[in-house]
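There are 2 protein chains.
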Amino acid sequence: MQDKSIRIEKLVPKNPQGLVVVITGDGKGKTTSAMGMVLRACGHGLRVCIIQFMKGDLYSGEWDGVKRLGEQVELHVTGKGFCGIRGNPYPWAEHRANAQSAISLAAEKLASEAYDLVILDEINNALKLKLVDLEQVLALLDQRPIRIHLVLTGRSAHPEVIKRADTVSEVREIKHAYQKKIEPQPGIDY
Amino acid sequence: MQDKSIRIEKLVPKNPQGLVVVITGDGKGKTTSAMGMVLRACGHGLRVCIIQFMKGDLYSGEWDGVKRLGEQVELHVTGKGFCGIRGNPYPWAEHRANAQSAISLAAEKLASEAYDLVILDEINNALKLKLVDLEQVLALLDQRPIRIHLVLTGRSAHPEVIKRADTVSEVREIKHAYQKKIEPQPGIDY
Numbered sequence: 068m069q070d071k072s073i074r075i076e077k078l079v080p081k082n083p084q085g086l087v088v089v090i091t092g093d094g095k096g097k098t099t100s101a102m103g104m105v106l107r108a109c110g111h112g113l114r115v116c117i118i119q120f121m122k123g124d125l126y127s128g129e130w131d132g133v134k135r136l137g138e139q140v141e142l143h144v145t146g147k148g149f150c151g152i153r154g155n156p157y158p159w160a161e162h163r164a165n166a167q168s169a170i171s172l173a174a175e176k177l178a179s180e181a182y183d184l185v186i187l188d189e190i191n192n193a194l195k196l197k198l199v200d201l202e203q204v205l206a207l208l209d210q211r212p213i214r215i216h217l218v219l220t221g222r223s224a225h226p227e228v229i230k231r232a233d234t235v236s237e238v239r240e241i242k243h244a245y246q247k248k249i250e251p252q253p254g255i256d257y
Numbered sequence: 068m069q070d071k072s073i074r075i076e077k078l079v080p081k082n083p084q085g086l087v088v089v090i091t092g093d094g095k096g097k098t099t100s101a102m103g104m105v106l107r108a109c110g111h112g113l114r115v116c117i118i119q120f121m122k123g124d125l126y127s128g129e130w131d132g133v134k135r136l137g138e139q140v141e142l143h144v145t146g147k148g149f150c151g152i153r154g155n156p157y158p159w160a161e162h163r164a165n166a167q168s169a170i171s172l173a174a175e176k177l178a179s180e181a182y183d184l185v186i187l188d189e190i191n192n193a194l195k196l197k198l199v200d201l202e203q204v205l206a207l208l209d210q211r212p213i214r215i216h217l218v219l220t221g222r223s224a225h226p227e228v229i230k231r232a233d234t235v236s237e238v239r240e241i242k243h244a245y246q247k248k249i250e251p252q253p254g255i256d257y
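In the order they appear, the protein sequences are chains A and B. Residues in the first sequence are numbered from 68 upward in steps of one, following the numbering used here. Residues in the second sequence are numbered from 68 upward in steps of one, following the numbering used here.
Each pair may be met inside one copy or between any two copies, as identical chains are not told apart.
With a straight-line Cα cutoff of 30 Å, these simulated DSS-like cross-link-like pairs (lysine-lysine) come out:
id, residue 1, residue 2
1, 134, 176
2, 176, 248
3, 134, 77
4, 122, 247
5, 122, 176
No wet-lab data here; the hints were simulated from the structure.
Modelling step: build the complete structure from the supplied sequences, incorporating the hints.
Laid out in structure tokens, this is it:
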């Protein structure tokens, strides 16, 4: 359904260029926002690679959701869950090993130039938890071919990452259902 | 790609219930976040209805992106663009008429119970611009069947809407590419 009386304009940038986007903060809507960019990018025919750094031990709807988008979108779940919370049983060294593989994968994917949008989901947390090093993240930013959009999500984004980004949003929690003891609900919270 | 050594847990809430989620603030990532919930909800097999209150005169990637998700997702673009900005040529009364139709559509969709997730995109702006009335928005919240998730996006969310919501995030703009005179880029900004 669309109002047929409206002239629809389609923007085409004179200078197409890849953006570095950081979505940080303590509120709900960081990974979710990145997934929205995936959906939007698909509409434009862009090719997308998602690497999830922390997630892995808890099913999240986007794992199946992206399958609907076809071969244009690739999702790599490389983590072992959130290090140190939710009774996560894996030692730091294992989390670090997984995150290190994810960094190599990210470098490889960026270098392949097979994508228009690369999402490094929760990489900010991985950096905060020292699962990856600042130098490694900055190297990814420096090595990124300029035409590729790179999105970095997760709370506690490092100031050096923010400094190098084009667009940065902080998602603040005003309130959250868990404060009313409401359980996480599928489709909204995971 | 997924670490095969990990046991994946799938949460199932003991008390499934619809949430009212508000995504507000001046930063990038409100509609985008709602679109991420659409993708995630699809992964869980939920049925989704999106009503875009303000957008309509400017192509946005999610219009085609959601088509990939199949019949499970319905998108209604009811607006005439952002009232009063970007050289938008339509008078307020026309915007109001469109927004009023969108409110009726939202009421109808919520009452139909044919969806698990209903997204009222940019309804906060529509309220701020008096294209819809507070009483109308509160009536939607009150009439919502409790099992349906309702997501309201847009800057300047009304305090009464925030009061009734379960989860509220404020997306703050830390910086944005337009400040460096970078044009909006497809897949990221629209």
